[in-house]
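Here are the chains, one letter per residue:
There are 2 protein chains.
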Amino acid sequence: MTLDEAKEALGVCRGEIDAIDRRMVALLNERSRVVERIGAVKANMSMPVYEPKREDEVYANIQSANEGPISHEAIRRIFERIIDEMRTLQRTRMGGK
Amino acid sequence: MTLDEAKEALGVCRGEIDAIDRRMVALLNERSRVVERIGAVKANMSMPVYEPKREDEVYANIQSANEGPISHEAIRRIFERIIDEMRTLQRTRMGGK
Chain A
220 MTLDEAKEAL
230 GVCRGEIDAI
240 DRRMVALLNE
250 RSRVVERIGA
260 VKANMSMPVY
270 EPKREDEVYA
280 NIQSANEGPI
290 SHEAIRRIFE
300 RIIDEMRTLQ
310 RTRMGGK
Chain B
220 MTLDEAKEAL
230 GVCRGEIDAI
240 DRRMVALLNE
250 RSRVVERIGA
260 VKANMSMPVY
270 EPKREDEVYA
280 NIQSANEGPI
290 SHEAIRRIFE
300 RIIDEMRTLQ
310 RTRMGGK
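Sequences listed follow chains A and B, in order. Numbering of the first sequence is given in the numbering used here, commencing with residue 220 and proceeding in unit increments. Numbering of the second sequence is given in the numbering used here, commencing with residue 220 and proceeding in unit increments.
Hints were generated in silico from the structure; no laboratory data involved. Each hint should be verified, as a subset may be incorrect.
Since copy identity is lost for identical chains, a pair holds within one copy or between any two.
Said to hold, decoys possible - Straight-line alpha carbon distances no greater than 25 Å define the calculated SDA-like cross-link-like pairs of lysine to any residue that follow:
| id | residue 1 | residue 2 |
| --- | --- | --- |
| 1 | 272 | 309 |
| 2 | 226 | 296 |
| 3 | 226 | 303 |
| 4 | 261 | 287 |
| 5 | 226 | 307 |
| 6 | 226 | 290 |
| 7 | 226 | 292 |
| 8 | 272 | 235 |
| 9 | 272 | 255 |
| 10 | 226 | 239 |
Keep in mind that this is a model prediction, so the values were computed, not measured.
Chain A with its partners taken away, still in its complex shape:
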């Protein structure tokens, strides 16, 4: 492989990554809109934001959907960050609790 061929290959890969990332950003915002609806229901019913049993279900769902090459541990760490950010958003919308 020449340097020019390598650069060409990297450019193609990076275009694919940028497209995937834009789809991921759209999905994350779609997820956060659903989380906001959950927050509204919970606020209306004075239910707690944090429900450990439901979070276990979320992790079980992503682990069963994960076919690799990302490891179960890595996908869990990524979703821990996602869930943490969404919980913060939900609390902010519910009035800083």
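Starting from the structure of chain A, add chain B where the hints point.
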């Protein structure tokens, strides 16, 4: 809203979240397969895994795609985790460097 209606609404929302999460897991694995191709090219050419300029491009791409409600700061933190996990994967496949 009665408690039963609230539970029904939460159930619907959670079904949507589980479906979004499965699509996200698929996208993350698709992304990691592209990262592996990048790793193979770089290993072949003895190029460095970490390229700060390219990471700036990745962040610029996600920020410009982000229409909210997730904040730019939150989406960046989520992608920092994703990119960190993918870098680890790329290094592992390139022989632990």
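Index of numbered hints that the structure contradicts, given in increasing order: 2, 6 and 7
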